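Undergrad: Listed below are the residues making up each chain.
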Amino acid sequence: MSEPSTLGGLARELRAQIGDTIDVGRQAAWYLVRGRWDWPAIFAQAHEIGVRSVFFVIVCLGFLGAIINLQAGFQATRIIGDASLIGQQAMPLVVRLLGPTLTGMMVATRVGTGIAAEIGSMVVTEQVDALRMNRAPPAEYLVKPRLVACMVMVPALTTIGITAAFFAGMLVAAVGFGTNPGTYADFDVVVGLDLIEGMVKAAAYGVAIPIIAATAGLRARGGSEGVGEATTQAVVAASLAVIVLDFLISGAVFFLR
Amino acid sequence: MIRLEGVCKSFDGVEVLRDVSFAVPARGTLGLVGAGGAGKSLILKLLCGLVRPDRGRVWLGETELGPLSERELMGVRGRIGMIFQNYALFDYLTVADNIGFPLARMQRPAAEIAARVQTRLDQVHLPDIGPRYPRELSGGMKKRVCLARATVHDPPIMLCDDPTAGLDPVTTNRIFRLLKDLQAQNDATAIIVSHETAYLRPICDAIALLDRGRLVFAGPTEAALQHPEVRAFMEAGVRPAQAR
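Here the protein sequences come in this chain order: A and B.
According to the working numbering, the first sequence holds residues 15 to 271 in order.
According to the working numbering, the second sequence holds residues 6 to 249 in order.
There could be a bad hint or two in this list.
[As the list claims (entries may be wrong)] DEER-style ranges, computed between Cβ atoms:
no. : chain 1 : residue 1 : chain 2 : residue 2 : range
1   : A       : Leu28     : B       : Asp173    : 45 to 53 angstroms
2   : B       : Glu77     : A       : Ala43     : 14 to 22 angstroms
3   : A       : Leu185    : B       : Leu98     : 26 to 34 angstroms
Simulated from the structure, these hints should not be mistaken for lab results.
In this text the structure is predicted, and so the values were computed from the model without any measurement.
Don't be surprised by glycine CBs; every beta carbon is placed ideally from N, CA and C.
Please model the entire structure based on the sequences and the hints provided.
TA: Below, the structure is given as C-alpha cells:
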C-alpha cells in the first residue's frame, strides 16, 4: 500500500480500495447470514466500541448542545429579544443531523483507527494468514464481530449523544436565557421522520465504519509504516463515508417529506 | 504428493517466481533452500492457497488449488500445518488457546481440545506454559508453540517457513528433532524452508534450490549434494551465481 505518486495512480488506488471495501462488505454480509456467531467476541467488541466511547460521546455531544443553544440564544435575544423558542429550533437539527453525524465522526475516529490498527498489525505479523490457515476467514472472525457491535452500538451511542445534547442545551437555555425547560422540551417539533432519519443515519454509519476500517487494516503491507498508513486511510475514508452518507440520506428524506 | 507445475508469480510487475516445477512424494521431506528473497516463503504460501499463481498449477494430492474458491480452500488448509517465519501466534490468546485454535475452529469438544493441547505441550517440552501469553515467551519457546499449533490437528502436510530463524544452535537442533518426530508421528509430507543447511541435510529426502525466483535444482539429497551450485550453497550458504 504505497503512496500513489500520480493522478492515475491515485485513481487506481482509489478504485482498488473501493473494490476491496465492497468485497469485504459482501463477505461480511455472507457470514452475517451463514457464519458462526461468536458471542464473546461480539460482546467484547460492543464493550470496546460502545461502552468505552460513552464518556467521549456524552462530553462532545453535551458541549455541542450547549454551544448550539448558546449561539442560538445570543442571536435570538439580539434580533427578536426572546430566546424561548431556541429548543424548538435546535432539537430537530440535533436529532436529524448533528447527533448522528458527529457521533459517527467520533466513532470513525476512535473506533475506526482502532480496528484498522489492530487488523493491520495482525496482517503484517502473519496472524491473518494464520487465521486463514485455520478455517477462520478474516471476514467472519475479525470483521463480523466488529460489524455487529457497531450496528448495535452506533445507534445506541447516537441516542445517548442526542440525550446529552438535549439536556446540556436545556441547561444553557434555562440558565443563560431564562428559557422555561417545559417550553424548551417541546417534543412536538421533532416529527417521526426526524427520528427515523437520525437512526437510519446512525445505522448506516454503524455498517460503513467497521467495513471501511477493517478493509484498510486488511490492506496493510510491510511493517509498522504500513499499519500507520492503514490507520490514516481508515479514518480519512470512514469520515468521508459518514459525510457522504449524511448527504445521501438527508437528500432521500428531503424528497420523502 | 505435492506438485508445482510451471508456477510463475509477479508482484507490482516484478517477477518473483519463474516457471517453478517440482514434486514431493507422500511422506517425503523436501528442504527448500536459497538466498533471502529467492521466493521460498512465497512457494509455501502458494501451496496453501494464501497466494494464487499468475500461471502454472499447484497440486496437493489429487486436488488442484487453482480452481478452488476461498471457502473450498479452507477445507484443503485443514490438511496443512503451517509454521510461520514470524511465529504468527495470536497475541490476544493464551498459549493453550493458540495451540487449540485449529481444533476449536473444527468445533471439537472442549475436553478433547484440552487433552490434545496438553499432549502437544508435553511433546514440545513446555508442559506448564498453557496459561501464559505469547508476549511472555522467548523466541525458541514461541517457535515450539508454533510447531505445536501447526501439528495439533495431525495434518498430513507440514509447511515450515524458516522454523529456526534467529535461534541458538541448541534450540535449533531441538526444533529440527521435534519437527522430524511430529512428522513421523503424523506420517506427514513436509517442506522445510531453512538456511540451516547442516541440519537440513540429514532429515531431508530431497533438496530444492531457488535462486532469484528460478529453480536451480530439485531432487534427492544425495544427487543435490553432487550438484555444484547446491553443494556450494549447502556448504557455504553462498548464492549460486557466486559459486560458478
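Undergrad: Which earlier hints turn out false for this structure, listed by number in ascending order?
TA: The structure conflicts with hint 3 only, although it agrees with all the remaining ones.
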